[in-house]
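Construct the complete structure from the given sequences, taking the supplied hints into account.
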Amino acid sequence: MALGRLALLILLTGGLGYGQDRILAPLVRGVFMLYTGNDSNGSFSFEVDKNTHQCNFTSKTYFERDHRRTNISSIPQGQLLEVLSERTPEPPRCRALIVRVITEERLKMRQRLRTASPTEYFAPRGNLLFTGVIVRMDNQSLTLRTRAGERHTIQLRRDTRYLSSGLPSDLGAVPLQSPVQVRAGRTYDQNIEAFTLTWGDILKPPPQ
15 MALGRLALLI LLTGGLGYGQ DRILAPLVRG VFMLYTGNDS NGSFSFEVDK NTHQCNFTSK
75 TYFERDHRRT NISSIPQGQL LEVLSERTPE PPRCRALIVR VITEERLKMR QRLRTASPTE
135 YFAPRGNLLF TGVIVRMDNQ SLTLRTRAGE RHTIQLRRDT RYLSSGLPSD LGAVPLQSPV
195 QVRAGRTYDQ NIEAFTLTWG DILKPPPQ
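Everything in the sequence shown is counted per my numbering, starting at 15 for the first residue and increasing by one.
No wet-lab data here; the hints were simulated from the structure.
Please read all numbers here as calculations on a predicted model, not as lab measurements.
All clues given are correct.
FRET-style restraints, in silico, Cβ to Cβ:
(1) Arg200 <-> Lys64: 40 to 50 Å
(2) Lys64 <-> Thr160: 48 to 58 Å
(3) Glu104 <-> Gly180: 21 to 31 Å
(4) Asp215 <-> Leu48: 20 to 30 Å
(5) Asn85 <-> Glu164: 38 to 48 Å
(6) Thr157 <-> Met47: 40 to 50 Å
(7) Ser73 <-> Pro103: 12 to 22 Å
(8) Thr157 <-> Pro103: 43 to 53 Å
(9) Gln204 <-> Asn52: 52 to 62 Å
(10) Arg101 <-> Met47: 14 to 24 Å
C-beta: ideal position from N, C-alpha, C; glycine also.
Structural data, given as structure tokens:
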């Protein structure tokens with residue numbers, strides 16, 4: 015009887031631990047606690063809703079602060095992070111792909127740029143799609159050069175969405191002379207205006 019109770023206790027304890035690990039979503043925000051290893055390989059822990067989670071990282075993990083690449087050793091304890099991860103079979107069953115430091119300024123910028131349309135994610139606005147590189151840009155518009163050599167002047171809206179590798183970003187992070195994709199539409203004056211501007215790994219072709 016005692017042996018049976020012990021086995022049941024181990025099973026329940028293991029099940030609870032696995033369940034807590036499994037609820038970590040691919041994209042979460044949490045408070046950075048500590049890390050072990052070096053800037054190229056190791057693991058770090060962070061707190062999400064009072065639960066502590068751990069993720070491995072490698073030299074391929076992209077750490078970002080203020081739109082620039084950084085090292086995990088430069089991130090202070092207690093900093094708010096946004097972690098994009100994938101599940102792995104080995105403990106801690108989490109590998110970080112992109113880790114962004116979320117500052118107060120970045121949070122305010124995202125709130126200003128947040129779209130007002132609740133259907134944007136499953137029914138994006140705009141019936142025009144452009145792919146090319148940005149050769150000029152300011153706060154009001156950008157000039158896009160397509161692969162065919164055509165140039166299009168595209169207006170920026172107050173609610174234009176900016177996505178870096180599929181994650182929300184902002185105007186200040188838009189790269190020049192790098193591939194971007196613009197979902198746009200025409201105004202009543204037949205000007206082109208951008209609804210969504212996307213760049214990063216999501217535009218790279220899959221490996222052959």
